[in-house]
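Chains X and P, in that order, are what the protein sequence lines are. Counting from 1, position 202 in the first sequence corresponds to residue 202 in full-length UniProt numbering; the numbering is continuous, with no gaps. Counting from 1, position 172 in the second sequence corresponds to residue 172 in full-length UniProt numbering; the numbering is continuous, with no gaps.
Some hints here could point you the wrong way.
Claimed, not checked - The calculated label-pair distances, taken between Cβ atoms and stated as ranges, are:
| hint | chain 1 | residue 1 | chain 2 | residue 2 | range |
| --- | --- | --- | --- | --- | --- |
| 1 | P | E228 | X | M238 | 33 to 39 Å |
| 2 | P | L133 | X | E175 | 36 to 42 Å |
| 3 | X | E66 | P | S231 | 23 to 29 Å |
| 4 | P | P92 | X | K209 | 52 to 58 Å |
Hints were generated in silico from the structure; no laboratory data involved. Positions of the beta carbon are idealized from the N, C-alpha and C atoms, including for glycine.
Number of protein chains: 2
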Amino acid sequence: MLPIETIPEIIEQYELGRFDYALIPIENSIEGPVSIAIDKLYHQSTATVVAEIVMPIVQNLMALSENIKPLKIYSHPQALAQTREYLRKNYPESKLIPVASTAMAAEFVQEHPNEAIAAVGNERAADFYSLKLIAKGIQDIEENNTRFWLLGKNEPKINLSKSSDKVSLALTLPENMPGALHKAISTFAWRGIDMTKIESRPLKTKLGKYFFIIDLVSDDKISFALEELESLGIVVRMLGAYSIYEG
Amino acid sequence: MLPIETIPEIIEQYELGRFDYALIPIENSIEGPVSIAIDKLYHQSTATVVAEIVMPIVQNLMALSENIKPLKIYSHPQALAQTREYLRKNYPESKLIPVASTAMAAEFVQEHPNEAIAAVGNERAADFYSLKLIAKGIQDIEENNTRFWLLGKNEPKINLSKSSDKVSLALTLPENMPGALHKAISTFAWRGIDMTKIESRPLKTKLGKYFFIIDLVSDDKISFALEELESLGIVVRMLGAYSIYEG
Numbered sequence: 001m002l003p004i005e006t007i008p009e010i011i012e013q014y015e016l017g018r019f020d021y022a023l024i025p026i027e028n029s030i031e032g033p034v035s036i037a038i039d040k041l042y043h044q045s046t047a048t049v050v051a052e053i054v055m056p057i058v059q060n061l062m063a064l065s066e067n068i069k070p071l072k073i074y075s076h077p078q079a080l081a082q083t084r085e086y087l088r089k090n091y092p093e094s095k096l097i098p099v100a101s102t103a104m105a106a107e108f109v110q111e112h113p114n115e116a117i118a119a120v121g122n123e124r125a126a127d128f129y130s131l132k133l134i135a136k137g138i139q140d141i142e143e144n145n146t147r148f149w150l151l152g153k154n155e156p157k158i159n160l161s162k163s164s165d166k167v168s169l170a171l172t173l174p175e176n177m178p179g180a181l182h183k184a185i186s187t188f189a190w191r192g193i194d195m196t197k198i199e200s201r202p203l204k205t206k207l208g209k210y211f212f213i214i215d216l217v218s219d220d221k222i223s224f225a226l227e228e229l230e231s232l233g234i235v236v237r238m239l240g241a242y243s244i245y246e247g
Numbered sequence: 001m002l003p004i005e006t007i008p009e010i011i012e013q014y015e016l017g018r019f020d021y022a023l024i025p026i027e028n029s030i031e032g033p034v035s036i037a038i039d040k041l042y043h044q045s046t047a048t049v050v051a052e053i054v055m056p057i058v059q060n061l062m063a064l065s066e067n068i069k070p071l072k073i074y075s076h077p078q079a080l081a082q083t084r085e086y087l088r089k090n091y092p093e094s095k096l097i098p099v100a101s102t103a104m105a106a107e108f109v110q111e112h113p114n115e116a117i118a119a120v121g122n123e124r125a126a127d128f129y130s131l132k133l134i135a136k137g138i139q140d141i142e143e144n145n146t147r148f149w150l151l152g153k154n155e156p157k158i159n160l161s162k163s164s165d166k167v168s169l170a171l172t173l174p175e176n177m178p179g180a181l182h183k184a185i186s187t188f189a190w191r192g193i194d195m196t197k198i199e200s201r202p203l204k205t206k207l208g209k210y211f212f213i214i215d216l217v218s219d220d221k222i223s224f225a226l227e228e229l230e231s232l233g234i235v236v237r238m239l240g241a242y243s244i245y246e247g
């Protein structure tokens with residue numbers, strides 16, 4: 001197990017063959033897609049998704065002592081957003097300070113023992129930086145999950161319960177085909193293939209030019225849809241055909 | 001003109017009637033949608049979009065002195081990502097440090113005059129924090145634009161060149177309608193209404209539940225499509241029918 005600081009670096013190191021599998025966050029139920037991961041995979045990687053793991057996210061308030069009344073609370077903007085109501089209600093006097101990551105927030109609290117400060121983050125961050133948990137599970141919305149994709153050559157043995165099978169594709173549409181997206185979606189719809197998600201991401205060439213990430217429920221008819229898409233001049237990249245596991 | 005620290009607060013203050021217009025970033029050509037703005041508009045606002053303004057984004061390197069050799073360079077993760085190649089090539093020794101905003105980076109540089117540090121941000125940040133520009137226009141990709149939405153009761157006079165007219169909608173699909181998204185898109189496609197963008201955003205209730213933001217080229221037939229959508233049980237919210245201006 002090797003932790004790496006940023007998501008693009010995880011993918012870069014995996015592409016260089018530094019390890020057999022890479023685990024990257026792809027989507028959170030509250031914040032939405034992790035764009036930096038999706039873009040890196042599409043633009044600068046040929047990696048294949050071999051499994052999806054859905055993990056519940058739990059936020060905690062942590063400090064050097066359990067009895068601290070924090071004047072300032074540090075965390076990543078998303079973690080602060082996810083615990084905003086709780087912090088407003090229980091710590092109305094505390095100033096919320098956004099920093100670049102929850103780990104950096106915990107590290108900052110550890111390094112400033114004489115200040116009345118706290119951080120919001122997961123239990124591993126508290127353990128790693130020797131902080132005490134002041135309050136557990138403080139996220140405002142109970143249902144908070146993150147989807148992770150496991151990149152690899154083949155699926156390893158995963159000791160979690162399997163829920164269903166999925167196929168993820170990236171589509172690039174021809175420039176001058178009116179209604180191209182409608183045609184692409186139709187190839188799945190008329191075959192009764194269930195599309196669970198569509199997401200547009202900028203091609204980074206010009207504002208208004210996109211590629212599309214599409215998730216489909218696993219289905220034998222997908223291969224015929226892919227043939228039809230190709231004949232329409234739509235470029236399809238198979239990101240992976242994989243099982244979903246609940247963490 | 002009143003600057004406000006975060007995008008959700010801009011929308012909240014606008015909803016409270018604190019000012020007549022609010023300008024919020026919606027999408028960047030490289031980074032993609034500004035999810036926090038779109039979600040706030042959808043979930044906690046009834047504001048109407050009265051204009052779209054597309055502005056070029058220029059990143060600069062700034063410090064207290066022009067002759068500084070920065071050991072550390074601070075900025076928002078997106079600004080660092082947008083200037084990564086330039087900084088790697090010209091400042092291979094500098095450590096890149098992500099902070100919560102480009103303004104915070106510039107402020108930090110101003111407040112630490114004895115350190116060899118710099119920030120990446122726009123010219124206004126340099127002016128405001130009395131920093132000198134070491135290098136101008138250092139973004140790696142030339143074409144870098146951000147779309148802003150102007151919220152208001154009606155369109156003000158805008159001294160910029162108008163390019164085209166658009167309609168933006170938010171759709172929520174019925175739970176148990178197979179192929180609902182395909183049906184929704186078909187109501188536009190078969191009428192020849194040009195859809196320029198579709199984006200899925202989490203409903204924040206459960207992983208895998210989305211609402212959709214759809215951009216259409218202005219067209220008289222849109223009202224008929226909206227009637228058809230309603231009859232299908234698809235909930236449509238009109239975000240705005242507006243003109244696009246190039247900044």
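Hint numbers contradicted by this structure: 3 and 4
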